[in-house]
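A.B. asks: Dock chain G against chain D, hints included.
Here the protein sequences come in this chain order: D and G. Reading the first sequence from the start, the letters are residues 1 to 146 in my numbering. Reading the second sequence from the start, the letters are residues 1 to 507 in my numbering.
Worth flagging that the hints you see were computed from the coordinates, not collected in a lab. A virtual CB, placed ideally from N, CA and C, is assigned to each residue, including glycine. Careful: at least some of the hints might be erroneous.
As the list claims (entries may be wrong) - No more than 20 Å apart at the CA atoms, straight line, and that leaves these computed lysine to aspartate or glutamate pairs for EDC-like:
1. Lys111(D) x Glu225(G)
2. Lys296(G) x Glu352(G)
3. Lys102(G) x Glu221(G)
4. Lys296(G) x Glu250(G)
5. Lys289(G) x Glu250(G)
6. Lys102(G) x Glu225(G)
7. Lys296(G) x Asp247(G)
8. Lys73(D) x Glu225(G)
9. Lys73(D) x Glu221(G)
To be verified - What follows is a set of in silico ranges between Cβ atoms, one per label pair, in the way DEER data are often shown:
10. Val13(D) x Leu388(G): 36 to 46 Å
11. Ser16(D) x Gly461(G): 38 to 48 Å
12. Ile44(D) x Phe431(G): 19 to 29 Å
13. Leu125(D) x Phe195(G): 33 to 43 Å
14. Leu485(G) x Arg5(D): 17 to 27 Å
15. Pro470(G) x Val17(D): 37 to 47 Å
16. Ala12(G) x Ile79(D): 52 to 62 Å
17. Leu480(G) x Val13(D): 25 to 35 Å
18. Phe195(G) x Lys2(D): 26 to 36 Å
19. Ser16(D) x Thr134(G): 24 to 34 Å
As the list claims (entries may be wrong) - Rough simulated footprint, nothing fancy, chain G against chain D, three-plus residues with beta-carbon under 8 Å:
20. 35-47
21. 95-101
22. 106-120
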Amino acid sequence: MKLDRIASIVFFVFGSVVAYEATTEQYMTSTGPGAGFFPLWIGIIIMVLSITLFLTTRRSDTPFTKNRSGLLKAAVVAISFPVYGHVMSYLGLIVSLVLYLIFLIGVVERKGWRQAVFVAVPFGLGSYLLFEAWLGVQLPKGMIGL
Amino acid sequence: MDGLYWLGQGFALALEPQNFIACLAGVIVGTLVGVLPGLGPIPTMAMLLPLTFGMEPTTSLIMFCGIFYGARFGGAVTSILANVPGESSSVMTCLDGHEMAKQGRAGKALGMAAIASFFAGTIGVLGLMLLAPTLANFAISFGPPEYVALMVMGLTLVTFMAGKSMAKALIMACFGLALSFPGIDIISGGIRFGFGQPVMQQGISFVVVAMGLFAIPEILENLEEAARASFFQVPKKLTELLPSRRDLRECFPDLTRSTLLGFFIGVIPGGNPTIATFLAYPIAKASAKDPDSFGKGTLRGVAAPESADNAACSGGLVPLLTLGVPTSGSTALMMAAMLIAGLQPGPLLISEHPDLFWAVIASMYIGNALLLVLNLPLVPLFASLLRLPYHIFYAGILAICSIGVYSIGNSIADVSMMGVFGILGYLFRKFDFPIAPIILGQVLGPILENSLRQSMVIFYGDPLLFFTRPIAGTMLGIALAVLALGVVRWLRPGGFGGQEIQTSVDV
Numbered sequence: 001m002k003l004d005r006i007a008s009i010v011f012f013v014f015g016s017v018v019a020y021e022a023t024t025e026q027y028m029t030s031t032g033p034g035a036g037f038f039p040l041w042i043g044i045i046i047m048v049l050s051i052t053l054f055l056t057t058r059r060s061d062t063p064f065t066k067n068r069s070g071l072l073k074a075a076v077v078a079i080s081f082p083v084y085g086h087v088m089s090y091l092g093l094i095v096s097l098v099l100y101l102i103f104l105i106g107v108v109e110r111k112g113w114r115q116a117v118f119v120a121v122p123f124g125l126g127s128y129l130l131f132e133a134w135l136g137v138q139l140p141k142g143m144i145g146l
Numbered sequence: 001m002d003g004l005y006w007l008g009q010g011f012a013l014a015l016e017p018q019n020f021i022a023c024l025a026g027v028i029v030g031t032l033v034g035v036l037p038g039l040g041p042i043p044t045m046a047m048l049l050p051l052t053f054g055m056e057p058t059t060s061l062i063m064f065c066g067i068f069y070g071a072r073f074g075g076a077v078t079s080i081l082a083n084v085p086g087e088s089s090s091v092m093t094c095l096d097g098h099e100m101a102k103q104g105r106a107g108k109a110l111g112m113a114a115i116a117s118f119f120a121g122t123i124g125v126l127g128l129m130l131l132a133p134t135l136a137n138f139a140i141s142f143g144p145p146e147y148v149a150l151m152v153m154g155l156t157l158v159t160f161m162a163g164k165s166m167a168k169a170l171i172m173a174c175f176g177l178a179l180s181f182p183g184i185d186i187i188s189g190g191i192r193f194g195f196g197q198p199v200m201q202q203g204i205s206f207v208v209v210a211m212g213l214f215a216i217p218e219i220l221e222n223l224e225e226a227a228r229a230s231f232f233q234v235p236k237k238l239t240e241l242l243p244s245r246r247d248l249r250e251c252f253p254d255l256t257r258s259t260l261l262g263f264f265i266g267v268i269p270g271g272n273p274t275i276a277t278f279l280a281y282p283i284a285k286a287s288a289k290d291p292d293s294f295g296k297g298t299l300r301g302v303a304a305p306e307s308a309d310n311a312a313c314s315g316g317l318v319p320l321l322t323l324g325v326p327t328s329g330s331t332a333l334m335m336a337a338m339l340i341a342g343l344q345p346g347p348l349l350i351s352e353h354p355d356l357f358w359a360v361i362a363s364m365y366i367g368n369a370l371l372l373v374l375n376l377p378l379v380p381l382f383a384s385l386l387r388l389p390y391h392i393f394y395a396g397i398l399a400i401c402s403i404g405v406y407s408i409g410n411s412i413a414d415v416s417m418m419g420v421f422g423i424l425g426y427l428f429r430k431f432d433f434p435i436a437p438i439i440l441g442q443v444l445g446p447i448l449e450n451s452l453r454q455s456m457v458i459f460y461g462d463p464l465l466f467f468t469r470p471i472a473g474t475m476l477g478i479a480l481a482v483l484a485l486g487v488v489r490w491l492r493p494g495g496f497g498g499q500e501i502q503t504s505v506d507v
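Extracted from the complex, chain D is given alone in its bound form:
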């Protein structure tokens, strides 16, 4: 199916979720429009626009990617970031940061462990010095306390 059509279906669903959720809020109160007023209309507008997009798709299919291995690498990095965020809640920011950098440089980019560690550790150290020590930002601590 053409890309635009897939997108329009996804957005139609999104718009309907917004509109539905909006109906659980008050539409109009005695003092004016309620919390559901604006979201409902926006949800409806999104649905209408999605239908329009679906009906007027004219473009021919263009390939999703020209480089499959590149796409794979991009996908790995894309997914790794939220995972890194999740790991942070267990190991603390600095430790997770160092591990993440080692992962990116050593595993994803395959530049070797030495380079990975040589970049990751100073970076982690520097971040700690800059943010915690100097700027006083409280970075999340993990189980190790770092």
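C.D. replies: Positioned in the frame of chain D, the structure of chain G alone reads:
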């Protein structure tokens, strides 16, 4: 004239050693911290506010202004070098600025950002000096219906300029509006769109979304297209590193126009620098002889939003200093600094403390000049960051962004959310949906909604009454005309020949 005398006094005060050093320190620190992706002007100023405790009011305010300008320039640096907008008003700078960096012209982009800011700042100070009382009167005539009309006009202009498919751009703008829904409803006080998740209940932070949608997809796309060792062409000659005189001449009309536009938008309470940049860019694009060059790395694409941004900040000081009403996050922080220093911003400020008022004005001008002088030599240094091997560069960006995002709300969930938006942003690019309208929608959402609700109360629920107010009616009329144009352009057969996938954001 009275104003000139006081401005002179202000300069004298601002140039006193301790004040000058405070300004200098502020500019340097502000730039350094502002350069860190994710730390835009607002978090930077908030973090450095404690430094101003214990200083004399004038000195602390001057330092604060220096930090403010420095941080904004730092935000422009990250926008250009890494496609990471430091705050919503830097988003437009990313479009052409980062393209220029990829083409090896980062120095010119950075230099233009500094020059545009200086230019706009100078004119802004003049405007402030000459027009403050008059403008305050104009600002008062803006009520909720005018805001609604302004926002709607802004949204339609941006979606019109966003490329071939207005439907897609409008969907994106509405998506952005929808992102502003979760959280506490200001008028009723209840939580909506929470879905029972604390992460949603506290609202979706704009910075998380912007960084996710801009920084990550850029990196992902580069990884996908891959195989090049160095993604940035770095120029060898120094002369290529700064805008030439010819460049400046070319940009002059855009600079002037955007400055004026930005200043007036800044004057309106609630008119913030973001909407100024979002209007300045499409207008500059529409006024150009070669509109298609926008989005592909044209210097004017950096000059317009940067000057509008700075001018709107100067304009934003008018309501703050004359009415005591802050118009944006940054001006609100400045108000905080004033209050801490024991000053009450408002109509009496100018008459009770003229020396302070004019010293602040003068120091803003000095701050801008310092920025220019300090940062132009630093431009080669910033540009040389691009010489790093790309895998180190992007890993570093991701790492710093994660810290920056975390530090905004002390929330780890924000980091994961940034990642999710990164994936979304990448998909949007793949499916050829423009990303910039999302940002505008999210930033304007709350203001638009509240103004709309208030307007409905004023009009007893009859939307047609919008047109009975001249300013609102005019702006809405423009919006409708733009929408109609968009539909016509879209429906015209043959308007869709030979499209390629847009790999970079085309507004």
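A.B. asks: Next step is simple, just say for each hint if it's right about the structure.
C.D. replies: Hint-by-hint comparison with the structure:
1. For the given pair, Lys111(D) sits about 19 Å from Glu225(G) by alpha-carbon distance, which is consistent with the 20 Å threshold.
2. For the suggested pair Lys296(G) and Glu352(G), the alpha carbons sit about 50 Å apart, so the restraint of at most 20 Å is broken.
3. In summary, the hint linking Lys102(G) to Glu221(G) is supported, as the alpha carbons are separated by about 13 Å, within the 20 Å threshold.
4. Among the hinted pairs, Lys296(G) with Glu250(G) is consistent with the structure: their alpha-carbon atoms are about 17 Å apart, no more than 20 Å.
5. Note on Lys289(G) and Glu250(G): the hinted pairing holds, with a Cα-Cα distance of about 11 Å set against a maximum of 20 Å.
6. A C-alpha spacing of about 14 Å is found between Lys102(G) and Glu225(G), which places the hinted pair at or below 20 Å, so the restraint holds.
7. A C-alpha spacing of about 16 Å is found between Lys296(G) and Asp247(G), which places the hinted pair at or below 20 Å, so the restraint holds.
8. In summary, the hint linking Lys73(D) to Glu225(G) is supported, as the alpha carbons are separated by about 10 Å, within the 20 Å threshold.
9. In summary, the hint linking Lys73(D) to Glu221(G) is supported, as the alpha carbons are separated by about 10 Å, within the 20 Å threshold.
10. The hint said 36 to 46 Å for the Cβ distance between Val13(D) and Leu388(G), and at roughly 42 Å that hint holds.
11. Between Ser16(D) and Gly461(G) the C-beta distance comes to about 26 Å, which lies outside the given range of 38 to 48 Å.
12. The given range of 19 to 29 Å is respected by Ile44(D) and Phe431(G), whose C-beta atoms sit roughly 22 Å from each other.
13. In this structure the hint that Leu125(D) and Phe195(G) lie 33 to 43 Å apart at CB holds, the actual value being about 40 Å.
14. At about 26 Å, the beta-carbon gap between Leu485(G) and Arg5(D) stays in the expected band of 17 to 27 Å.
15. Checked against the hint of 37 to 47 Å, the C-beta distance between Pro470(G) and Val17(D) comes to roughly 39 Å, which is consistent with it.
16. Distance hint check: the CB atoms of Ala12(G) and Ile79(D) are about 59 Å apart, consistent with the given range 52 to 62 Å.
17. A beta carbon spacing of about 29 Å between Leu480(G) and Val13(D) agrees with the range 25 to 35 Å that was offered as a hint.
18. Between Phe195(G) and Lys2(D) the C-beta distance comes to about 31 Å, which sits within the given range of 26 to 36 Å.
19. The beta-carbon spacing between Ser16(D) and Thr134(G), approximately 49 Å, falls outside the hinted interval of 24 to 34 Å.
20. Counting residues of the stretch 35-47 of chain D whose C-beta lies closer than 8 Å to any C-beta of chain G gives 9; at least three are required, and the coverage claim holds.
21. With 3 residues having a Cβ less than 8 Å from any Cβ of chain G, the stretch 95-101 of chain D passes the three-residue criterion, so the hint holds.
22. Residues of the stretch 106-120 of chain D lying with their CB closer than 8 Å to a CB of chain G number 3, which satisfies the three-residue condition for coverage.
Checked against the numbered hints listed earlier, the structure breaks hints 2, 11 and 19; every other hint is satisfied.
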